[in-house]
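Chains as they are written, first to last, in the working numbering: chain A, 1 to 350; chain B, 1 to 309.
I should point out that these hints are in silico values taken from the structure, not numbers from a laboratory. Hints should not be assumed to be uniformly reliable.
For each label pair, taking beta carbons as the anchor points, the in silico distance ranges come out as [as the list claims (entries may be wrong)]: (1) G260/B with R218/A: 23 to 29 Å; (2) K160/B with D78/A: 21 to 27 Å; (3) S40/B with N251/A: 51 to 57 Å; (4) K25/A with N195/B: 41 to 47 Å; (5) Q214/B with L168/A: 57 to 63 Å; (6) K160/B with Q347/A: 34 to 40 Å; (7) K231/A with S40/B: 26 to 32 Å; (8) G260/B with G54/A: 33 to 39 Å; (9) W193/B with N346/A: 46 to 52 Å; (10) K231/A with G38/B: 31 to 37 Å.
Capping the alpha-carbon separation at 30 Å, the derived lysine-lysine pairs in DSSO-like fashion look like this [unchecked claim]: (11) K91/A with K236/B; (12) K241/B with K160/B; (13) K7/A with K151/B; (14) K25/A with K231/A; (15) K132/B with K226/A; (16) K91/A with K31/B; (17) K276/A with K313/A; (18) K246/A with K151/B; (19) K170/B with K136/B; (20) K258/B with K236/B; (21) K31/B with K170/B; (22) K258/B with K281/B; (23) K91/A with K132/B; (24) K226/A with K70/B; (25) K7/A with K119/B; (26) K281/B with K160/B; (27) K226/A with K20/B; (28) K119/B with K246/A; (29) K160/B with K7/A; (30) K259/B with K70/B; (31) K236/B with K20/B; (32) K246/A with K70/B; (33) K136/B with K226/A; (34) K226/A with K25/A; (35) K70/B with K20/B; (36) K70/B with K258/B; (37) K30/A with K20/A; (38) K231/A with K20/B; (39) K31/B with K231/A; (40) K31/B with K226/A.
Built from N, CA and C at the ideal position, the CB exists for glycine as well.
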Amino acid sequence: MTIKGIKCQFESIGVFIPEKRITTKEIVGKVQSSCIRRFELLTGIKARHICAPGEDSLTLAVHAAEDCLRHSRYLPEDLDMILCCSISKQKNGASFQCEPPLSLYIKDAMGAHNALNFDITNACAGMLTGVNIAENFIKQGTIRSCMVISGEHVSRIADHAAKSVKSLLSSELASLTLGDAGAAVIIERASHKSDGLIVSDFTTLAQYNHLCIGRQSRTSAGFFMKTDARKIHEVSISNSTTIIEKVLHDNTLTMDQIDYLIPHQTSKSSIRFGAKHYANYFNAKPGEIVINLEEYGNTASTTHFLALYRYLKEQRFKQGDRIMLLGLASGLVMGIVIFTMNEMVNQYGR
Amino acid sequence: MAAKIQMVNALTSAPRFGGKGAIALTSQVAKHCLKDTGCSPNDIGMLVNTGVYRDSHIAEPAIAALIQRKIGALPQQSSNSEIWDGLNGTSSFDLNNGGCGLVSGLQLMDGFIQTGKIKRGLLVTGDAEPIKNHSKSFAFAPAAAAVLLSKSDSGSGFVKFQTRTFPEFKQSFESHVSWTPWGLLRRNRNVLWINQQDNYVDLCVQCTLHSINQFFKETDLQLDDIDLIIPSQSPKGYVHKLIKQMGMADQFSQVESKKGEWHTAGPAIALHRTWQDGRFKNSGNILFICVGAGITTALALYRNDFYHE
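So here's chain A without its partners, still in its complex pose (with noise of 0.2 Å):
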């Protein structure tokens, strides 16, 4: 049973940053080498926060959940489906969790006992495929809200990078903008036609799967990433172009009709290189590209929930803003989603 014109919106968004806070100098001094003293200057990152002994992707996962609720008025109970969505999925500080999923856990911790539930995996656009696959759920009339989370514990990548990184070109690099971050949104049938999702959607290049890869290491614990990153650079904003036209055009929009762009965070050069590619392309701006990593780095797959809710904290958004998250994860995955901002403007930061 498919109920048709259904609108999603977005009820709700929490985050939780832990206490814990490393430098981009503290992890510069690290590296062996001296070639990259120009780090935080190239990214844009002049701290990352990390977990602290006993904190971990369940704890920052059900921690962003509480301050989801807090800012709801959904009670646990009433959430119909909980998807998980980490890349990282450690419980009980550095252990990767198979099974059950995770999202058994966090929904058992938080009391959503009414709540399907499973894991997605889908790199740093994983919350981005959550909210697209929670909006199908409520379209198609299944649930009539889901609670989409992350709790990303990244930040032990950055630990194994700093003792192989040599030089600029290293693969390992990228690892370095880590900080670990955990993020909540409940989506809900929309009350108002104008308000809500305009579009979710993602696909997958594969063709650049091999540019970024995250694997469990044999020599230490965790896992490391190697990445080619001016490629994959390269790459995302090439065949971003022509998405984000196909989207815009589809939903009779322009570039200069989005107040904000919140691109994944990964450094600052890199969003600035690709706005002034898009603003050529377009012929056009959006309000403003929204940066978000000098004190949080790249959080990995809640990087727009963080710059949201931090947006929404400084009361910068107005009911009526149109935004758009982009996002450009391994895979090579390219997701879009554009909605338009409703009343949540009124639950933070009065």
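Position chain B relative to chain A; hints supplied.
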């Protein structure tokens, strides 16, 4: 319109794959599945992988993206399109719900087909030991399966899904990778640990029976109306004990592995068996019964509409 199963394929033993892992097995079976249907890889709007134990515990990209490339679903080669309403592409991701992943994946894909977001979806699953000799109590035999779903033009297709969790039993089966001393020299390694309690099989049966009772309360059907049952093939002894409780041995699709348990691919292997011997196409009401860690049970009712086929 519901989604119907267009083709299913399985690889239950793979001697010629030697040391190859889950990705090679799954890619191979996905290619067979498309070939048997005459479906172009570029006609696949969505590719979802529900396997749990993958090569080197790869965390990113999604295993589905690696399989997508291996089967040749590459956008720039596509002559027609689906996602983005005209922009070529397949969207791929992984779904983990342990032994219930197949039914969760079927439900998800059924939804995307029903809302018209995709016309065809390929659900794949496969498990193999992630790093050879770096696991404790890994009892799963290498296996993979692929199920091709498409929009049903008749009344055939999925009718109802139900998933239940019993988190009070979440510790009865747990698997994780942790950095621990390993091997003769006791050097630290990332080791896959699988802990299954002695009563896990009985608990699985108990939870399944509870879910089946609830499932039939929510439908106008009774157990007697079910013509064919496609069950999980793990944990070991589960199907045998379930038949003992439910009866209906003739309705169960039973397949036996001599090399260990078939994990996430297990129900698809049972489905494949009935696909090959004609039982699937000749059955009206088909019930998928899956169980996995959590404990989670996932049921799906599939109906063949003989009148409109």
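Status of the hints after comparison with the structure:
no.: 1; hint: G260/B with R218/A: 23 to 29 Å; verdict: holds (24 Å)
no.: 2; hint: K160/B with D78/A: 21 to 27 Å; verdict: holds (23 Å)
no.: 3; hint: S40/B with N251/A: 51 to 57 Å; verdict: violated (29 Å)
no.: 4; hint: K25/A with N195/B: 41 to 47 Å; verdict: holds (42 Å)
no.: 5; hint: Q214/B with L168/A: 57 to 63 Å; verdict: holds (59 Å)
no.: 6; hint: K160/B with Q347/A: 34 to 40 Å; verdict: holds (37 Å)
no.: 7; hint: K231/A with S40/B: 26 to 32 Å; verdict: holds (28 Å)
no.: 8; hint: G260/B with G54/A: 33 to 39 Å; verdict: holds (37 Å)
no.: 9; hint: W193/B with N346/A: 46 to 52 Å; verdict: holds (48 Å)
no.: 10; hint: K231/A with G38/B: 31 to 37 Å; verdict: holds (35 Å)
no.: 11; hint: K91/A with K236/B; verdict: holds (27 Å)
no.: 12; hint: K241/B with K160/B; verdict: holds (25 Å)
no.: 13; hint: K7/A with K151/B; verdict: holds (23 Å)
no.: 14; hint: K25/A with K231/A; verdict: holds (26 Å)
no.: 15; hint: K132/B with K226/A; verdict: holds (22 Å)
no.: 16; hint: K91/A with K31/B; verdict: violated (36 Å)
no.: 17; hint: K276/A with K313/A; verdict: holds (28 Å)
no.: 18; hint: K246/A with K151/B; verdict: holds (25 Å)
no.: 19; hint: K170/B with K136/B; verdict: holds (19 Å)
no.: 20; hint: K258/B with K236/B; verdict: holds (11 Å)
no.: 21; hint: K31/B with K170/B; verdict: violated (36 Å)
no.: 22; hint: K258/B with K281/B; verdict: holds (27 Å)
no.: 23; hint: K91/A with K132/B; verdict: holds (24 Å)
no.: 24; hint: K226/A with K70/B; verdict: holds (20 Å)
no.: 25; hint: K7/A with K119/B; verdict: holds (21 Å)
no.: 26; hint: K281/B with K160/B; verdict: holds (18 Å)
no.: 27; hint: K226/A with K20/B; verdict: holds (22 Å)
no.: 28; hint: K119/B with K246/A; verdict: holds (20 Å)
no.: 29; hint: K160/B with K7/A; verdict: holds (24 Å)
no.: 30; hint: K259/B with K70/B; verdict: holds (27 Å)
no.: 31; hint: K236/B with K20/B; verdict: holds (24 Å)
no.: 32; hint: K246/A with K70/B; verdict: holds (27 Å)
no.: 33; hint: K136/B with K226/A; verdict: holds (28 Å)
no.: 34; hint: K226/A with K25/A; verdict: holds (22 Å)
no.: 35; hint: K70/B with K20/B; verdict: holds (14 Å)
no.: 36; hint: K70/B with K258/B; verdict: holds (29 Å)
no.: 37; hint: K30/A with K20/A; verdict: holds (17 Å)
no.: 38; hint: K231/A with K20/B; verdict: holds (29 Å)
no.: 39; hint: K31/B with K231/A; verdict: holds (29 Å)
no.: 40; hint: K31/B with K226/A; verdict: holds (28 Å)
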